[in-house]
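Chemist: So the protein sequences, as listed, match chains A and B.
Numbers 247 to 738, taken from my numbering, label the letters of the first sequence in order.
Numbers 806 to 1003, taken from my numbering, label the letters of the second sequence in order.
Calculated from the structure, these hints are not laboratory results.
Among these hints, one or two may not hold up.
Derived DSSO-like pairs: lysine-lysine, alpha-carbon spacing no greater than 27 Å straight-line [said to hold, decoys possible]:
1. Lys1002(B) to Lys623(A)
2. Lys354(A) to Lys410(A)
3. Lys686(A) to Lys1002(B)
4. Lys975(B) to Lys354(A)
5. Lys280(A) to Lys975(B)
6. Lys354(A) to Lys974(B)
7. Lys1002(B) to Lys619(A)
8. Lys623(A) to Lys686(A)
9. Lys990(B) to Lys975(B)
10. Lys280(A) to Lys977(B)
11. Lys354(A) to Lys1002(B)
12. Lys977(B) to Lys990(B)
13. Lys619(A) to Lys686(A)
14. Lys280(A) to Lys974(B)
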Amino acid sequence: MFDNFVVPNLLPAAPEMFLAVMALAILMIDLTVKDSRRTVTFALTQLTLIGCAAIQFATSTGEITYTFSNMFVDDLMADLLKLFLYMTVLMVLFYSRGYIIDREPMNKGEYYVLALFATLGMMVMISANHFVTIYIGLELLSLSLYAMVAMNRDSVVSSEAAMKYFVLGALASGLLLYGMSMIYGATGTLEITAIAERLYSGGVNKTVLVFGLVFLVGGLAFKLGVVPFHMWIPDVYHGAPTSVTLFISTAPKLAAFAIVMRLLVNGLITMAADWQSMLIILSVLSMAIGNLAAIAQTNLKRMLAYSAISHMGFMLLGIVTGVVGGDARYALNAYSSAMFYVIAYVLMSAGTFGMMLLMARAGFEAEEINDYKGLNKRSPWFAGIMLMLMFSMAGVPFFIGFFAKFSVLQAVVAAGYMWLAIVAVLFSLIGAFYYLRLVKVMYFDQPEDESPLTAPMDVRILISANGLAVALLGIFPQVIMSLCAYALLRSL
Amino acid sequence: MDIQTAVFYFLSAILIFASLRVITARNPIHAALHLILAFFTCGGIWALLQAEFLAIALILVYVGAVMVLFLFVVMMLDINIDKIRQGFWNYLPLGALVGMLMVMEMGLVLGSKYFQVAAADAMVPAGVSNTKEIGALMFSEYVYPFELASIVLLVGMIAAIVLTYRGPKKSKYTNPNQQVFVKAKDRMRVLQMPVEKD
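If we strip away everything but chain A, and leave its shape as in the complex, we get (with noise of 0.2 Å):
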């Protein structure tokens, strides 16, 4: 019975192995640091972000490999998504730092092995290439979060934020699993891309494959947070201690983006008609809800929880332009952009949740829109960062986000949806306006607290830096955009 076992491909996945590895060690290694600043943990944790890039440069081949009988997948687009992973990662430890250590019951080593191992599952769903792989990752990611959101724990809105985020988050896996055991049934394999192949080889229940798809649709949805299964992200962003807001709102959307692609366009491409209309209802609805709750909104934590359902939508509609009426020539081009408008996503949504943490300290959480009553005469370098962070949100032209929504608008456009762009584009121009009133915030409003801005070095460094990225990928968006477009060129 075990003579013809082969031992795995390592190779492709030794990034995961270093990560889990190391997020190991430096939890017992955590048990000796005395420091209350836990600077050795903290130091650690980035090193092992580092070296997870590092190995995934010297192992990346460029070619789609698989290993562990076929249920984990290496191709360009995991590679660069991952790469992009440490990225965010990094940064959002670096922004955290000092809100953690202002407050007691977070300043903990767990906050960051638990960070990495959220990490660690984000890389798996991204590398995922079968049902289990998928849920287990997204599993070991959601647990991780439900912990972190529930760390602060003597503070009463995190933990029912917590709460209502474990609930809805166990109902969500359950909608998804209960759409993959159908999918199961209909096709009798779990692995996506034999999945694919039964499909287009055709013979396959077309009624319990869409019954399961209606709920893998669902679970997806939730788990990228878009109307109608975006009850948990307001209150989820609100709740949640800042610095784990920001974790929240940018990383998972990475691991999230890259599970959508590999269910629905790897796995399920064949059946493109029937969950592009639902995605389409998805992102219009997630567009309309989302901007124009964001401007009913005080809290600015609530204000950029709907302006993430909002873009969700908008980011839904590169993936539902990639195949029509059986028309892929435009494929490559809908689901790069999709890829851009993600990754553009994230890099602002760092940057403004960055900066609320650099405006919070110890007791004073920087989280209503009045806090920002005139940043620009506290600090008018500041306020300019913000400013082209919520410029770069809002669309304005010559930032990274107008060039997210342009090329994704290209796309639906090129996929004869015009009424959709038209849709997209108006709910825009309506999402612009709370933007732009923090904006006027900032510059206009008098400030009731002069004091200037105090920040450590490395964090206005980085946080300086992550604004002018997004204006100057503005300038220049070709970098990112045909790195997506020649990574998933090799990968589909």
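Keeping the supplied structure of chain A fixed, place chain B upon it in accordance with the hints.
Modeler: This is chain B only, laid out in the frame that chain A set:
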């Protein structure tokens, strides 16, 4: 009737009786013990279907771990069962309706043509142990998710500890020697605190 069918009916009868007792017993301990009986009988039915691994896992995991914990909880918490039972008759119509719907749905699912397995396919050939087969698959084909599942469990453990552990609790006792030598300034401290903005 061959011996297998006879055993099946025997076990099923015990299972139905035990399950009914779980919901009708007034004493929660009796209910929990009947649930253990139900798990055992269920394990027996699985063993009859030649799924001995599931049978063993059910008994080890549910009877060995989950039910023991459950009994501990029942014994530690003073639950007033009669109070919980109030309103039983009020909820009965709705509960019965939901129960009927579930039975009908299960009937539809089991009766539909997508979920039929030919009796010949369900037979396990002689000399195959499914415990061994599952073990071999788990450590060969499914080794990657298997290892990841262990990390998921570890994260669960870390999360539980982080969220509940509040440092070692030292027992409180008085030291008469120190009490005698105490001075006024040891009892009162003047603190300087930075002003915090809300």
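Chemist: Where does the structure disagree with the numbered hints, that is, which hint numbers, in rising order?
Modeler: none
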